[in-house]
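*Asks:* Here's the letter readout for the chains.
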Amino acid sequence: MSEEAELLPGTLDLLILKAVSLGPLHGYAVLSRIEQISGQRLFVEQGALYPALFRLVRQGLLRTEWGKSENNRRAKFYELTTKGRKRLQEETVWWKRASAAVSTALAARPQQA
Amino acid sequence: MIAAYLSSMVRRFLRRATMEREIEEELQSHVQLRADALESSGLERAEAERRARIEFGSRVRFKEECREAMGGNAIEEATRDVRFSLRSLRKSPGFSVVAIITLALGIGATVATFSVVNTVLLRPFAFSHPEKLLWIYSQRSDNPRTNFSMPEYCDYRDQTTSFESLAGVASFNPSFADSGPPERVQGVRMSASAFAMLAVRPVLGRTLIAEDDLNGARGVVLISYGLWSRRYARDPAVIGRAVNLNGETREIVGVLPASFALPNLDTEIVVPLQPDADPRRNVRNSVNFLRMVGRLKPNVMPQQAHAELEAIRQNLQRQYPGIYTGKIGLTVVSLTEEIVANIRAVLLTIFCAATAVLLVGCVNLAGISLSRAAARQRELAVRTALGATRGQLTRLLLSESFVLALVGGSLGIFLEMWGQRALLRLVPTDLPRIESFSFDWTVLLFACALIFLAALVCGIAPAWLLSRSDLREALVSRGRGSTGGGLQARLRTWLVSSQIALALVLLANAGLLLQSFVRLSSEQAGFDPSGVETIRFSLPQTGYDDVGTIVRFYDQLHSRASAITGIKRDALVSILPLAPKSISFVHFTRPDRPPARPKDTPSTNYRVVTPDYFQTMGIPLLKGRNFTESDDADHPPVAIVSTIVAKDHFSDRSPIGHQILVDDTDHDPRLVQIVGVVGPVKQTNLETPAKADIYLPLRQMPKDGVPWLRNSAYGVVKTSAGAAGLERLLRDTIQNVDPNVAVGAVRPMSEAVTAALAARRFSLLLVGSFAGAALFLAAAGLYGVISYGIQQRNREIGVRLALGATRARILRMIFKEGAVLLAAGILAGFAIALGLARLVASQMYGVNEHDPFSFAMVGLILSVILFLACGVAARRAMNIDPMVSLRCE
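Residue numbers (numbering that gives the first Met the number 0), protein chains in the order written: chain A, 0 to 112; chain B, 0 to 888.
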């Protein structure tokens, strides 16, 4: 099995929120940040990022502003809103619980069933 | 929610171009940044950019996804909604067809009645600032709406300071002749200054100007839009044409707009009043024939104006003692109110009835789509599982009802336009302003609003249900629609009860109207219209200057008419019975019992007749003798009175042989002897109780009455059964006597009776059919909810039957459910109907608007029909086989 994990459905939004929570980022930087904080194990299809970003903006979880990138290109920066921050917290709690439950389930041995 | 949906759609549509550019720019920037990163890892710039583009994937596809994520393209999204709705509606054609027909009929009927309301009540009047216009009558003890004399009008006009201008208006029904055959038209003489005051814009030419009123001014006439259309086929060249009115040549100078109307007066033509040229200008005692209309000065309240006019009136009464006896005040009303006041309640009732039917129809559809939504919960749950949001599902349900409402509504508007002619034939002809009827923007806007609201009413209940139910559970529960089932059922019972309530309100209203109609049609008018034909004519201005010439005309006519086979009797009368717009009455006194105060002088309807009148009309002679041909100028003047006069003024003795003073000349009252008493006749309409009547023989009529009788008189003939083709013969006979006589249409007297009931027949017919429709819909709704309940509880019923419950017991259970719904609906309906009673009170005749009998009957009828619907639904339950229904699970 390769070191690269496939992204679970529904987790992209959570990862974007997390990435952006560390500071305003433009789209490309969001990708790099996700790769970086996942220890280079999670990769997001480049084009697929944008529909997700737009959806989060529409839900009022992110806000945007045009600015300059580090190498001086015009780019759109994404930033967490208060609502987004709250959502991130909730989703994180939910994710931990769910993944713990799944892990427990997977760790079960035959005689315990 | 829906408003927000629509407005965000509009906003997104407007923002679309900017958005598109932004997406493009952002994706481009991403590729550049990636290329930068690749370049810094050692690639050539060109290669780096190529690689970046490949890595990014299909830009078209992601752009599309971005658009969608942002709320997408409004138009595309709407088309998708509509396409989807169409697909899902096609899947249930039965429901769709029922819904579209219900909505088409409901919206069509509501729009149709609204277009009448719009024409008559809502459209702006032909006058500017109509709220400042007052219409003024002279008030008498027995009639608040009577006329002023010419000198009286001039005094008010010259002395008032409250009005910018005060105009006099008199009815004027001359013969109207141009190159075609002469016809009688119904119009007015009106102060020329009135037009500056009313600010009427002519359709063609000009209106009247102050100069037209000057003594000796060139004769001019305005014609109505109706006359212009009827006689001249809207020929613009009509301006400047010379026409002959009562032998006087006048030039047509303008065409009035269709919306021009005056209270209780026809305005086919308008000629200047020319008060100074009037022979009665300075005759204090002269006939009362004018009403007044005035425009208030700014900052003058109607009450102030009324008070000022009242002061002038009292002054006049002091100044000319004995002249204005019987006039006790003034009736001051708003001009536009006076035009539409009578008809407003009728039209609003009809409009409300139509709206109620539409509402019942929509509620019915809401009920059906509620069941559909429940049945579709599984489908909806699957959609949710596949990623549809609740908002999207709501939108789906709403867009379905929007599609239905749009299709049904458009069909309804089409029906309305198509059925307009039929509707206009039903409308009573004396409805004011109806000739300007047309489909305009207001109606279209109203129709659109109606479609929108109908869609909302139909779609909101299932959408709400959706928002309240747990769809995930629906998926688990094997799609039996059990979730939200309780809520759904409760909602449906509410809907059905409200339908029953509305149907009851309509039925109660229709019942009251029906009772009023029946009572009124059984009212005795006091004459027998069967076989009586009437013809109105006016004699030319020249050649008929005295009573003798009129009598000669009549004698010739009489001798020719008697010779016609098929005519049993014939007579002449100044005004026919049941003539709501004609006022003609005189004051009279018993010399031995003079009134205590001048204003107590009694008055009576005044009719000039020939001897055969009573027999022709079937008015019974109760005492004394009839007029004879020898009651002429050479014999002592005589009169015949009605029983009302006898009862009110001769309670102490028989009136026969008694002399009374009749004030029917421009001079002092004259003595006439009562020779007979006849039955009472309803002279104005069927509703108004018969008042006192006095009849005088034509041969003894005073000279002052000549212009009045010359202007308008009626021939009445009693035909033998089966006589046909008399119309032509009658007209020819009159014109053979004198070709210059203007002859109106021949109308059977029974038509006047029909016309007296026309407005009521109209509203009864419409409200009645609306009530029927509402009843049908309510029955269908109840049937639906009961049979749905049975279907849902198939298993429960099966179990009960299996456990030994008798079918009668099951039936009782079902009926009990129906009875609860019915009782709730009927109680609510009674409450609403009683609350609305005030609206219909003015349309009641001989029945109280709270009439308990009507309400009870209506409640009974409704209950019987709805229980029938219940029973039909219950038969299905009776057919349940416990074995089958239990195994089904």
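Worth flagging that the hints you see were computed from the coordinates, not collected in a lab. Here a beta-carbon is modelled for each residue, glycine too, at the ideal position from N, C-alpha and C. Just so you know, not all the hints are guaranteed correct.
[What the hints assert, rightly or not] Below, computed lysine to aspartate or glutamate pairings styled on EDC-like, alpha-carbon distance capped at 16 Å: (1) B/K580 with B/D731; (2) B/K62 with A/E89; (3) A/K67 with B/E24; (4) A/K82 with A/E69; (5) A/K85 with A/E64; (6) B/K580 with B/E795; (7) A/K67 with B/D35; (8) B/K90 with B/E378; (9) B/K702 with B/D880.
[As the list claims (entries may be wrong)] Quick list of the computed label-pair ranges, beta carbon to beta carbon: (10) A/Q39 with B/T17: 17 to 23 Å; (11) A/G22 with B/T78: 39 to 45 Å; (12) B/A374 with A/S31: 49 to 55 Å; (13) B/A818 with A/R57: 33 to 39 Å; (14) B/T17 with A/G22: 55 to 61 Å.
*Asks:* Sort out which numbered hints this structure fails and list those numbers smallest first.
*Replies:* 1, 2, 4, 5, 6, 9, 10, 13 and 14
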